[in-house]
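> Chains as they are written, first to last, in the numbering used here: chain A, 1 to 97; chain B, 1001 to 1725.
Hints are computed from structural coordinates only; laboratory data are not their basis.
The beta carbon of each residue, even a glycine, is placed where N, CA and C say it ideally should be.
Any given hint could be a false lead.
Said to hold, decoys possible - Straight-line C-alpha distance at most 27 Å; calculated BS3-like pairs for lysine-lysine:
1. B:K1391 <-> A:K66
2. B:K1178 <-> B:K1150
3. B:K1391 <-> A:K71
4. B:K1599 <-> B:K1549
5. B:K1222 <-> A:K31
6. B:K1391 <-> A:K61
7. B:K1592 <-> A:K58
8. B:K1178 <-> A:K61
9. B:K1580 <-> B:K1590
10. B:K1549 <-> A:K71
11. A:K58 <-> B:K1178
12. B:K1176 <-> B:K1189
13. B:K1129 <-> A:K61
14. A:K9 <-> A:K66
15. B:K1189 <-> B:K1222
16. B:K1427 <-> B:K1222
17. A:K9 <-> B:K1427
18. A:K58 <-> B:K1590
19. B:K1221 <-> B:K1427
20. A:K33 <-> B:K1391
Said to hold, decoys possible - To list a few chain A residues with every Cβ distance to chain B over 12 Å, as calculated:
21. Q34
22. I51
23. V74
24. K79
25. H82
26. S84
27. E89
28. T94
29. E96
30. I97
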Amino acid sequence: MFWDADSRKKYWLNRLEAEYGDKRMLLSEMKEKQTATVVRVGGNGPLRRRILEMGILKGTKIYVEKYAPLKDPVELIVKGYHISLRVEEAAQITVEI
Amino acid sequence: MTPKRLTIALAGNPNSGKTTIFNNLTGTRQKVGNWPGVTVEKKEGTIKHSGHDLKIVDLPGTYSLTPFSIEEIVARDYILEERPDVVIDIIDASNLERSLYLATQLREIDCNVLFALNMADVARSRGFKIDDRKLSELLAVPVVFTVGNKNKGMETLLEQAIALAESDSAAPQKRKVKYSKDIEDAISKVEKIIENHGADAMSYNIRWTAIKLLENDEIVKKRILEKTGTIEEKILEDIDNQRNFLIDRFDDDPEIVMTDERYGFIAGIIMEVLTTSTKQRVDISRNIDLILTNRFIGFPIFIFFIWAMFQLTFSLGTYPMNWIDSGIKLLSSFLAQALPNNIFKDFLIQGVIAGVGSVIIFLPNILILFFCIALFEDTGYMARAAFLMDKIMHLIGLHGKSFIPMLMGFGCNVPAIMASRNLESEKDRTLTILITPFMSCSARLPVYIILAGAFFGARAGTVIFCIYLLGIVLSIITGRLFRSTLLRGADAPFVMELPPYRIPMIKSLMIHMWDRSKIFLRKMGGYILIGSIVVWTLSAFPQHISYSKDYASEIEQVKRSYQAEMAAEKDSEKNILERKMDLAVDRLIKSKAAEKAEKSYMGRIGKVIEPVFAPIGIDWRGSVALLTGFVAKEIVVSTMGILYAADQKDSKALENALVSSGMTSTAALAMMVFVLLYMPCLATLSAIRRETASLKWMIFSISYSTVLAWIMAFLVYQGGNMIGA
């Protein structure tokens, strides 16, 4: 149907929007002490792969421990350990409450 | 029977207690160096165990073997190329799931792996129960429980490692990650392609090579091309076809899908081997973080820690510094009396001892500083400091961890640059190293104090503060500039683990501190020694100068006339006269020294380069002083003391001499700006050379900072003159 990567992505995002409505949000929009499940890890290149390799994958449960005093980065608990991401990096990750 | 040599490599995640185990195994018999070509620390040690010589190599801590960071490339290449007999994967037992990711990659690479489930006690206290037999069975890997900080399980670990090395290394195909059908099909197709092209002559495991090629691993691709030569196009095309097939099939890159499936495989293992009891214990680490990274008091506490570190380093450090200083003075005066007066004596005392002394005196600072840094690192606070500071540092295009080296720069640039080792990304490290010299180090302060004191009087404090501020502003501008030009590229991802707080072990703190201090002594000592010999030679030669007047006879004359006067006076007047005589003699000795300096090679060089400094309002004496400041910035003051024929011990005298020499306040300001910015001192340069592992960056740093210094000083001097300040 759509053969180039961009339109495929758009199509996919739209479908997701339709299916999940406002249960879906970006990880960077989450509040402290909220828990969510990862729906999709976006972005590309090393960053995306690094995030995945650290165990943040589709279906992983994420707990937002806290934001740094200057609101960036954010500390998460994933698979039982603490990890921090910059807010712009967290914005690549779609979650579902 | 000659002892058998075995090589054992330690791999594992950062914070898995790898270093502790390494220290336990090797004790103090460690060799610390760098991995060839990169600045990643390489540690190894040789021990004897049950009739074997064991070489233990500590690989860099990594989360994966994807070649994104230097650490990962180093670790992977070591396993692939050096083929250690056994690789011990040190796994944080309380963090099993993520640790197994590296473990599965090690299994794929097809080396002899042994798992050490470390911090077994922590895991147990958190309510984790790990079925080691099951784990061993599922992955066909021997598993040993260890508690690194209590030195438990080390014997078993070594025995198992030796047993594994001795066992038939060509063991049957062991259990590895099994991917979904489409990927497995693609893997076997790529294996065929590799075989068909004769690339299987590579020493790597063929399945692993196939997986890496599907993952589009640039390094493996390059090696395949080197092996196959002419048919390269074809083989890559065939592999690309397989890749594209998978991309279409999964609507994502194969490397992503495979990462996902590896974690799927791990989840399966976890289900079988890990039982978590529901008892909820108080998480001490989280409670500590409630305070240390608290929204309101997190920063004040951080600032306090940094302040305390500075206080310790530079106040506590003064005592041993004074001892060393008096020790050196004692040695010099002893040698001055013991040796006959000749050129060799001058060389030894003024060249060698003075030069080396100026480095050794920093040793207490360095030791204390590195102790503090090791403390921050080993407790886990360093990661929190980066967490707090990242937002601010990110504005300059740097990582949160860059803050520590930059801050240290205000003390001394040398340890500051060495502290940049904590940064993982090479670009971040280089950038931090390049801008750290703009942090005005404590050696530059005496120069400001003299100049500002002489020309700005009551406003001296404000002026000095502005100089410091200028350094910070220029470092920010430079940072942004380099980030968008020379060191472009995406910022290193901030994906950083915040490890649980741990009580540091004294032994590892000491080893940590001493390793780095040793590097400082050895390398810096060499450079400084050569540098100070050069400066000494330039200022000591030519030996025979034709002075404008005969100082010796003039001194005699002055003495004689005063003594004649004294003989005629009463006792009470004698003292005054004697003091007058001393002053007069002193003045003559100083003008002799000044003339000698002027006529030495150094002085001649100063005269030659004077035109360069004229536009920024610095005369030949200032030029020479700046040149000698290259050895160590505080030398600028003592050189000016010699050249302006003022008493070095009395700063007021130098200030007066400067004012009466016709220097203007604008010129003084320009000189301060120049001292702030111009090329880093020798010790700093050798640190830059060492830490960037490149002569290129050192030369770049010299040129950039000196050109910038000249331009800024020019703007200050000419601008100031135009305003008429």
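> Could you run down the list of hints and mark each one as holding or not?
Against the structure, the hints come out as follows:
| no. | hint | in the structure |
| --- | --- | --- |
| 1 | B:K1391 <-> A:K66 | holds, 15 Å |
| 2 | B:K1178 <-> B:K1150 | violated, 37 Å |
| 3 | B:K1391 <-> A:K71 | holds, 8 Å |
| 4 | B:K1599 <-> B:K1549 | holds, 13 Å |
| 5 | B:K1222 <-> A:K31 | violated, 45 Å |
| 6 | B:K1391 <-> A:K61 | holds, 26 Å |
| 7 | B:K1592 <-> A:K58 | violated, 80 Å |
| 8 | B:K1178 <-> A:K61 | holds, 24 Å |
| 9 | B:K1580 <-> B:K1590 | holds, 15 Å |
| 10 | B:K1549 <-> A:K71 | violated, 72 Å |
| 11 | A:K58 <-> B:K1178 | holds, 19 Å |
| 12 | B:K1176 <-> B:K1189 | holds, 18 Å |
| 13 | B:K1129 <-> A:K61 | holds, 21 Å |
| 14 | A:K9 <-> A:K66 | violated, 31 Å |
| 15 | B:K1189 <-> B:K1222 | holds, 20 Å |
| 16 | B:K1427 <-> B:K1222 | holds, 23 Å |
| 17 | A:K9 <-> B:K1427 | violated, 32 Å |
| 18 | A:K58 <-> B:K1590 | violated, 78 Å |
| 19 | B:K1221 <-> B:K1427 | holds, 24 Å |
| 20 | A:K33 <-> B:K1391 | holds, 21 Å |
| 21 | Q34 | holds, 16 Å |
| 22 | I51 | violated, 6 Å |
| 23 | V74 | violated, 9 Å |
| 24 | K79 | violated, 5 Å |
| 25 | H82 | violated, 4 Å |
| 26 | S84 | violated, 5 Å |
| 27 | E89 | violated, 6 Å |
| 28 | T94 | holds, 14 Å |
| 29 | E96 | holds, 17 Å |
| 30 | I97 | holds, 22 Å |
Checked against the numbered hints given earlier, the structure breaks hints 2, 5, 7, 10, 14, 17, 18, 22, 23, 24, 25, 26, 27 and satisfies all the rest.
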